[in-house]
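Chemist: Each chain, written out:
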Amino acid sequence: MSDLIFNAFVFPGLLYVLVWTVGLFWFFRKFMAALHKRVGPSFNGKGGSYQTLFDLSKLLTKESITPDGVNPYLFSTMPLLAVIFAMLPAAFIPWSSGFVVVDSTYGLLALVVLIGIEPFLLFLTGFGSNNKYSFLGGIRILTQSISMETSFLLAALSPAVLFSTMNLTSIVEQSSWFSFIVLFPGFVLYFIALLGLLEQPPFNIPDAEQEIVYGFYTEYSGTNYFLLQLTMFVEFMAVFAGAATLFLGAYKGVFFDSYFFFFMKMILIAIVMMTLRAATPRITLSQMLTFSWKYMVPLALVNIAWVLFAKSLWFMGA
Amino acid sequence: MQALKKLMGTFECEYVEDYKATWIKAKLHSKDDLIELVTALKKEGVRSLSTVSPTDFLADGIMELNYFFEDLQDKRNLWLKVDLPREEEKCEIESITNIFPSASWHEREAFSMFGVRFLNHPDLRDIIKSEDFRDKYPFRKDFDWVAHESNNLANVQQIVDAFKKEQNENEVDLDPDSSETILNWGPTHPASGPIRLRVHCDGEEIISIDPDIGYVWRALEHLIELKDFVGAIVAVERLCFMDNINSMVGYAMAVEEIADVEITDFAKWMRVLLGEVARVSSHFMGLGGFFNNMGLHTLGMWNMDTREFFLDFLESYSGARIATAAVEPGGVRYGLDMVMFDELQKALDKFDSSVDEVEAVFVNNPTMKLRANNVGVLTADEVHAFGLSGIVARASGVKTDIRIDEPYAAYGELDLEYITQEGGSSKDRFMMLFRDLKQSVEIIKQAKLHIEKAVASGEMHPTKDHMVKVPKKLPKGEAISRVEWARGEVLMHLVTEEKAKTPYRLKLRAPSFNHTMMLDYLLKGQTLSDIPLIFGSLYICQGDLDR
Chain A
272 MSDLIFNAFV FPGLLYVLVW TVGLFWFFRK FMAALHKRVG PSFNGKGGSY QTLFDLSKLL
332 TKESITPDGV NPYLFSTMPL LAVIFAMLPA AFIPWSSGFV VVDSTYGLLA LVVLIGIEPF
392 LLFLTGFGSN NKYSFLGGIR ILTQSISMET SFLLAALSPA VLFSTMNLTS IVEQSSWFSF
452 IVLFPGFVLY FIALLGLLEQ PPFNIPDAEQ EIVYGFYTEY SGTNYFLLQL TMFVEFMAVF
512 AGAATLFLGA YKGVFFDSYF FFFMKMILIA IVMMTLRAAT PRITLSQMLT FSWKYMVPLA
572 LVNIAWVLFA KSLWFMGA
Chain B
19 MQALKKLMGT FECEYVEDYK ATWIKAKLHS KDDLIELVTA LKKEGVRSLS TVSPTDFLAD
79 GIMELNYFFE DLQDKRNLWL KVDLPREEEK CEIESITNIF PSASWHEREA FSMFGVRFLN
139 HPDLRDIIKS EDFRDKYPFR KDFDWVAHES NNLANVQQIV DAFKKEQNEN EVDLDPDSSE
199 TILNWGPTHP ASGPIRLRVH CDGEEIISID PDIGYVWRAL EHLIELKDFV GAIVAVERLC
259 FMDNINSMVG YAMAVEEIAD VEITDFAKWM RVLLGEVARV SSHFMGLGGF FNNMGLHTLG
319 MWNMDTREFF LDFLESYSGA RIATAAVEPG GVRYGLDMVM FDELQKALDK FDSSVDEVEA
379 VFVNNPTMKL RANNVGVLTA DEVHAFGLSG IVARASGVKT DIRIDEPYAA YGELDLEYIT
439 QEGGSSKDRF MMLFRDLKQS VEIIKQAKLH IEKAVASGEM HPTKDHMVKV PKKLPKGEAI
499 SRVEWARGEV LMHLVTEEKA KTPYRLKLRA PSFNHTMMLD YLLKGQTLSD IPLIFGSLYI
559 CQGDLDR
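Line order of the protein sequences matches chains A and B. Using the working numbering, read the first sequence as starting at 272 and increasing by one per residue. Using the working numbering, read the second sequence as starting at 19 and increasing by one per residue.
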């Protein structure tokens, strides 16, 4: 029982998520500032490290405005549900050797499904806002997630096919440098689909501020906005952790295995994502659809074929 | 030119005379001939209308309309005048919008500000002025501003009422069974600036766009009439803060023409140098804005970094970074300390060291090309028909650049060539802006070298030569001046009375007005994603849009 409470509230639950959000937010701002040739937060704490903490706590104390004419239950429960669903995948991730909250045979499936639910919750926030821009944002997020999730699922399946298991722990245990090379095309596809799912450039179409004023965020303020921001960063964590587990060998490192390597792998993915963000403009919805269905999905299928071929060649004996 | 003059000879004119190198100035005897004349003009090849500017002569009871027609290709222009009675009931004339599409908004502006009614205009609504000026014509000489402003509370109430009325009624006419809706793109929108586009759309697809402008209307043309000839520069430079020098150059040239003053060589070269620095600082913002509108802020930040160095030079010269007030009739306002060129050299070095990086990452950006190619395409014919200018015109392959067409300041002595881009898409406009920026930096280098040499040889004296005296009182007269502003052509039409201490009328024709007119034309049938892209590529500034 006490284990469960520890898991839910400390690691990998609430506290971990909050610390991750504050830390990653600050890291994003500083890293982005360097790419932009500016300073970034610098006044509060060393290198402005308290700044995000202050910003998030400020949001908590601000008035949460519920606009006229919306369904207040839908409007206010959706951000909360979105955070909870975004936190759930953490339970299936093997954070370090032998540490996993739910060691399930269907871990991979749970991960993909829980990540896949998220866009629908965000669509409902947009739908419940009674605002034209939010509604357009909601429609866009549905369009995007439907087209990106297909290739996301297919790419995530490639390690399961290779190792003949959906148990994340056993996927990590069987991974090696050689399997990394075999799975590398799958990793690239997973990463591109991840950009689409997380609404990161060039696929930041659903919350395009210049077009539809941040889409589903438009009407949110105060605590609800805090929850939505938290959702986004927790989702980053889930998806990065998924990538690290499936393709990069999770906690496995050089000389010793530890959570430290897991963390560094996640940060590595974050850095690549940020660098893309600093150099790529947004594409349009129709271009995204073309890209997804014309290139991503066929390539993901070819990738599955490649993994099966490689498996029959090198992994059958083992 | 001869053909144009011959054409004018077939109509009954009070006079037809040559004016400057590229202009013919004529006054039509009767307004009834106007339609026939402009139809013939268009056939002759003069295809663009720059602006329509009324001048209100209260004492004579005359509203004089000035039409400025331009031929961007063959560089021959016509300044056509026609008199109307100034009483509100009789102040009307045939609209030429059906022949020159670019007249549309200019005629609306003349209607809103002076009450000139244009018969058969397709869409003669108020533009620019706020709701409290409804049925009032603020630029008429007998308009009582003091009385109007003494009632400010009621005026604000009128604006609020009108807003609420529109809010309640704007979607009433839409079909309730369709998914059509009206989106407000602005005035408080992350990418719009102070302009509002009523976007009539069906889902993501745009049906039509009706721009609502005037959110930064300062009535500059009226403010200028309250100031003396030197004081007016601070109003003129507020046309748009991003390129303030060139607008002051245009105004100063018009005053100098009426005062019949020739400025020194040094002042001419300084006008080139300062003007190009201002152009560079404006282009930096424009390039950044283009990418900002696609959700990428890196270029904007990088450009800000370089732009600061150019502003440092403006600050060392004039004491101000943005609103410099550095050019006035008679020359340039301050003498030059040659150590100020060190600041300029720093800026040039900074530019040279960073330009390749920008070119590699952003100008050749494959995603940008994917996105902006073939979007918002303007053909050369459309450029002529809608009177577009500056980088927008040159991106469609039209060779128009007032620095070369009608050289002013020291541009005639510079080594300068038209740079154009074929294609006319948003991408081409971005490329054009970047190449224009590089050209401007080259001009700065030429001008700097020339000044340095001339000062070293004693030809110019940087602390004595900067000004010649311009009399405080000007004779009766009028003049037009054109400058190549960062965003395109700025035309100023200055009218003075006998022994005038203040301008009687100054018309500011600014390029963004024409460019904003194109939004509906370009965006019809496109998607919502294209609004910020095309808006950004047209390089619009709300300052000179509203004035």
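These are computed hints drawn from the structure, not numbers from a lab. Just to be clear, a hint being listed does not mean it is correct.
[Unchecked claim] In silico negatives: residues of chain A with every beta carbon more than 12 Å from chain B:
#  : residue
1  : M272
2  : I355
3  : Y377
4  : I388
5  : T414
6  : P473
7  : I476
8  : D478
9  : A479
10 : L547
11 : T551
[Unchecked claim] Subject to a maximum C-alpha distance of 20 Å in a straight line, what follows is the list of computed SDA-like cross-link-like pairs (lysine to any residue):
#  : chain 1 : residue 1 : chain 2 : residue 2
12 : A       : K301      : B       : E189
13 : B       : K542      : A       : R309
14 : A       : K308      : B       : D230
15 : A       : K403      : B       : T545
16 : A       : K308      : B       : E223
17 : B       : K387      : A       : F325
18 : A       : K403      : B       : L192
19 : A       : K308      : B       : F327
20 : A       : K403      : B       : E243
21 : B       : K368      : B       : K387
22 : B       : K182      : A       : P338
23 : A       : K403      : B       : F327
24 : A       : K308      : B       : D370
25 : B       : K368      : A       : H307
26 : A       : K308      : B       : M485
27 : A       : K308      : B       : K542
28 : B       : K182      : B       : P119
29 : A       : K308      : B       : L76
30 : B       : K368      : A       : L306
31 : B       : K387      : A       : T561
32 : A       : K403      : B       : D374
33 : B       : K466      : B       : M485
34 : A       : K308      : B       : D374
35 : B       : K387      : A       : F562
36 : A       : K403      : B       : E198
37 : B       : K387      : A       : L560
38 : A       : K403      : B       : K387
39 : B       : K182      : A       : F562
40 : A       : K403      : B       : E184
We put the beta carbon where it would ideally sit given N, CA and C, even for glycine.
Chemist: If a hint holds in the structure, say so; if it does not, say that too.
Modeler: Evaluation of the provided hints:
| no. | hint | in the structure |
| --- | --- | --- |
| 1 | M272 | holds (48 Å) |
| 2 | I355 | holds (29 Å) |
| 3 | Y377 | holds (37 Å) |
| 4 | I388 | holds (25 Å) |
| 5 | T414 | violated (10 Å) |
| 6 | P473 | violated (6 Å) |
| 7 | I476 | violated (8 Å) |
| 8 | D478 | violated (9 Å) |
| 9 | A479 | violated (6 Å) |
| 10 | L547 | violated (10 Å) |
| 11 | T551 | violated (5 Å) |
| 12 | A/K301 <-> B/E189 | violated (45 Å) |
| 13 | B/K542 <-> A/R309 | violated (39 Å) |
| 14 | A/K308 <-> B/D230 | violated (36 Å) |
| 15 | A/K403 <-> B/T545 | holds (15 Å) |
| 16 | A/K308 <-> B/E223 | violated (37 Å) |
| 17 | B/K387 <-> A/F325 | violated (40 Å) |
| 18 | A/K403 <-> B/L192 | holds (15 Å) |
| 19 | A/K308 <-> B/F327 | holds (14 Å) |
| 20 | A/K403 <-> B/E243 | violated (45 Å) |
| 21 | B/K368 <-> B/K387 | violated (27 Å) |
| 22 | B/K182 <-> A/P338 | holds (18 Å) |
| 23 | A/K403 <-> B/F327 | violated (43 Å) |
| 24 | A/K308 <-> B/D370 | holds (17 Å) |
| 25 | B/K368 <-> A/H307 | holds (16 Å) |
| 26 | A/K308 <-> B/M485 | violated (41 Å) |
| 27 | A/K308 <-> B/K542 | violated (38 Å) |
| 28 | B/K182 <-> B/P119 | violated (32 Å) |
| 29 | A/K308 <-> B/L76 | violated (57 Å) |
| 30 | B/K368 <-> A/L306 | holds (18 Å) |
| 31 | B/K387 <-> A/T561 | holds (16 Å) |
| 32 | A/K403 <-> B/D374 | violated (42 Å) |
| 33 | B/K466 <-> B/M485 | holds (19 Å) |
| 34 | A/K308 <-> B/D374 | holds (16 Å) |
| 35 | B/K387 <-> A/F562 | holds (15 Å) |
| 36 | A/K403 <-> B/E198 | holds (11 Å) |
| 37 | B/K387 <-> A/L560 | holds (18 Å) |
| 38 | A/K403 <-> B/K387 | violated (30 Å) |
| 39 | B/K182 <-> A/F562 | violated (44 Å) |
| 40 | A/K403 <-> B/E184 | holds (17 Å) |
Of the hints listed earlier, those the structure fails to meet are numbers 5, 6, 7, 8, 9, 10, 11, 12, 13, 14, 16, 17, 20, 21, 23, 26, 27, 28, 29, 32, 38, 39, in rising order.
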